[in-house]
Structure formats: structure tokens, C-alpha cells
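Q: Use these hints to put chain Y onto chain D, whose structure you have.
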Amino acid sequence: MTATIWWTVAGCTVVTAVIKAIGPLALGGRDIPPRLTGVIELMAPALLAALVITSTFAVGDQWHVGANTAGVAVAGIILVRRGPLILAVVTAVAVTALLRAAT
Amino acid sequence: MSAASAPHEDDRRESFRTGFRAGLPYAAVGFLLSMSFGILARDSGFSAEAAIVMSAVVFAGSAQFAAVSIIASGGTAGAAVAAAALMNSRFLPMGIALGPSLPGRAAVRAAQGQAVVDASWAMANRGGGRFDRWFLFGSTAPQYVTWIAGTMLGSLGGDLFTDPSRYGLDAIYPTFFLALVIAEVKDRTTLAIAVTGGLLALSLVEVAPAGLPVLAASLVALWGLRRGRAAA
Chain D
2 MTATIWWTVA GCTVVTAVIK AIGPLALGGR DIPPRLTGVI ELMAPALLAA LVITSTFAVG
62 DQWHVGANTA GVAVAGIILV RRGPLILAVV TAVAVTALLR AAT
Chain Y
36 MSAASAPHED DRRESFRTGF RAGLPYAAVG FLLSMSFGIL ARDSGFSAEA AIVMSAVVFA
96 GSAQFAAVSI IASGGTAGAA VAAAALMNSR FLPMGIALGP SLPGRAAVRA AQGQAVVDAS
156 WAMANRGGGR FDRWFLFGST APQYVTWIAG TMLGSLGGDL FTDPSRYGLD AIYPTFFLAL
216 VIAEVKDRTT LAIAVTGGLL ALSLVEVAPA GLPVLAASLV ALWGLRRGRA AA
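Protein sequences, first through last, are from chains D and Y. Its first residue numbered 2, the first sequence is counted upward by one per residue in the numbering used here. Its first residue numbered 36, the second sequence is counted upward by one per residue in the numbering used here.
Just so you know, these hints were derived from the structure itself, not from any lab. For clarity, every value in this text was computed on a predicted model and none was experimentally measured. Quick reminder that beta carbons are idealized off the backbone N, C-alpha and C, glycines included. Any given hint could turn out to be false.
[Said to hold, decoys possible] From chain Y, some residues computed to sit far from chain D (all C-beta separations above 12 Å):
no., residue
1, D46
2, R47
3, F55
4, G192
[To be verified] Here are the simulated distance ranges between beta carbons:
no., chain 1, residue 1, chain 2, residue 2, range
5, Y, E44, D, V66, 20 to 30 Å
6, Y, R140, D, A102, 51 to 61 Å
7, D, P35, Y, S108, 45 to 55 Å
8, D, V19, Y, L254, 13 to 23 Å
9, Y, R223, D, R83, 32 to 42 Å
10, D, V81, Y, H43, 18 to 28 Å
11, D, L99, Y, D45, 26 to 36 Å
12, Y, R47, D, I23, 19 to 29 Å
13, D, R83, Y, S108, 39 to 49 Å
14, Y, V180, D, A95, 23 to 33 Å
15, D, R36, Y, L234, 21 to 31 Å
16, Y, E84, D, G84, 35 to 45 Å
[To be verified] Stretch-level coverage of chain D by chain Y, calculated; a stretch enters the list once three of its residues show a Cβ under 8 Å from a Cβ in chain Y:
no., segment
17, 46-54
18, 69-81
Same shape as in the complex, but just chain D (with noise of 0.2 Å):
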């Protein structure tokens, strides 16, 4: 088990310093090729928006709408009006709760 462990926390390491090390040792330094600068801008849209959805609408690998999901909701409203950022934080936290308290 202890070996198990370790050798998980080893391996994580090493997967995860080479993931990151990749784009930096392929592209450092260099000029942005001018076709990649659209796809780079589109990157940040597209990858944290999979990550609110799917840490929103699912849990694990089954899809799920609960509590946390009307929470974000009522956040994202706050949100999109430019309300605060801790407002949309306290009132997301403060639906999820509630609803599961109250279920």
C-alpha cells in the first residue's frame, strides 16, 4: 500500500511537469505564428467555460443537477449584470446550502 502510494505521488509529479513543459519547450521564445494567435485568444473561452459546465452540471461522469447547479445559476445572473464578484460568491454558496438544507 505504502509502495501503491508513492509511486502514485511519482508518477502524478512526473505526468503533470512534463503536461506543463510541453507548450513552454515547443513554442517558448519564439514570435507567435500569426494562425495560432486566433486560436490561442479562443482557448481561455473555451476550456474554462467546459470547466464551470462540467463542474456545474455533472458529477464525476454522470450528469447532475443539484443544489451547486441552482447556485452558480443565481451567481451567473449576478455575475452577468456586473454585480461583485463576493456578492456572487456568499449568494452562491448561500443557495447551494440552503437548498440542501432544506432537501
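A: What follows is chain Y alone, placed relative to chain D:
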């Protein structure tokens, strides 16, 4: 190089400071998450040392949770590492996007690339394909510290805080990232990309291994090849 870079020292320091401040809310959330990681790791048979070392050298939340969950359910180290690699696969496109903004020798660039975490990467994006690397380092610094501190408290301190979802704290992380998405959505193209990327990832959740749905969403950004050609 050093003579040329000297006038920029203040800029760098300022970028680092601005990034540091921007990273603080994420560091606070990371503290809570890593505390629950520490607890989960202990419950899964990890020693406190193993949990803390893992947070210090892996420093990737979703990957650590995935790996520990697999060990807890009796999986092999290989399976745990593979799951972690898939979870971290999104750092590949992030690193490709960041790459051109990192100068210096290969080893230095590879080391600097380790500072990429989701929020720092997103906030360091300066548009036009450029990233502010000192902002990135500044933003990641407090997140790294609280990630380790939270793991220590969770793995050594025990049961103060066993289930973050009970208090609705699991809604914090997506809310922060939703704020980052909204900041990125500047026109109809970026809105369409965000919606498409999100729906593509969600459509894959039940059929692809964890981590791959988010990586797949990055392919939507290839739409930018058309834009780049138009600009060039």
C-alpha cells in the same frame, strides 16, 4: 540581456504584485479544497507526509483528487497516474498558448511553465495571444502556499471539515471560473466558442474518461485558425 531588462524590473515587480493580489481569492478557495484533499487522502490510506508531498510536487487539484480516489477504491498506481494525466491534459493546450510568452533557455521555460494553474493562466492572458508571465507567477504563488497549508491542516488536523459540499462550498469554484469566462466573452465569436466548448465537454462527460471532456473543448478554439488568417 540584463542591461536591456533592467528598466523592466519595476514592471515585473508590479506585474507580480498585481498577480499576487488577483490570486488571493483563488488561494482562499484552494485552501478549503486542499483541506478536503488532505482529509480524503488520509481516509484513502495516505500518510500525512504522502498527502503533503503530493500537494507540494503535483499541485493540481483535480488530478490529485482523481488519483487518490482510484487508490481508495483499490486501483493500481498506474491507473491513478493515468487518471491524473487525463485530468491535467488541459494544461497541454494552456501551455501551448503560454509558450510564446516565455523567453529563455529550454529548462527555464519548462520550469516557468509549471506555474500554470487554471485561474492564473486565465487572468495572465493579455489578449493577442500574449501572456504576462510575471503576473502568472505572482498569481500562482499564494495559491501554491495555501494549497500546501490546507493539505497540512486537512491531513494532520483531522475532522474539522469533512464534507465541503455540506456547506455549499462546492459552488465556489465554478462561480469563480464563471466570472473568468464572462470576462473572456467579448463578442459573439467568444460567446459562441464558450457555449460550444461547454456543451461539447458536457456531452462527453458520460462517455469519455474524466479530464478528456475539458481537453476536447480546447479543440473548439481551432476555429481561431480562420480568424488568424483574416488578421494576417
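Q: All hints, please: hold or fail.
A: Each hint, compared with the structure:
1. D46: holds (18 Å)
2. R47: holds (17 Å)
3. F55: holds (17 Å)
4. G192: holds (20 Å)
5. E44(Y) x V66(D): 20 to 30 Å: Given about 51 Å between the Cβ atoms, the range is violated.
6. R140(Y) x A102(D): 51 to 61 Å: Holds: the Cβ-Cβ distance is about 55 Å, inside 51 to 61 Å.
7. P35(D) x S108(Y): 45 to 55 Å: holds (48 Å)
8. V19(D) x L254(Y): 13 to 23 Å: Holds, at about 21 Å.
9. R223(Y) x R83(D): 32 to 42 Å: violated (19 Å)
10. V81(D) x H43(Y): 18 to 28 Å: With Cβ atoms ~37 Å apart, the hint is violated.
11. L99(D) x D45(Y): 26 to 36 Å: violated (48 Å)
12. R47(Y) x I23(D): 19 to 29 Å: holds (25 Å)
13. R83(D) x S108(Y): 39 to 49 Å: holds (44 Å)
14. V180(Y) x A95(D): 23 to 33 Å: holds (28 Å)
15. R36(D) x L234(Y): 21 to 31 Å: holds (26 Å)
16. E84(Y) x G84(D): 35 to 45 Å: holds (43 Å)
17. 46-54: Satisfied; 9 residues make the cut.
18. 69-81: holds (count 7)
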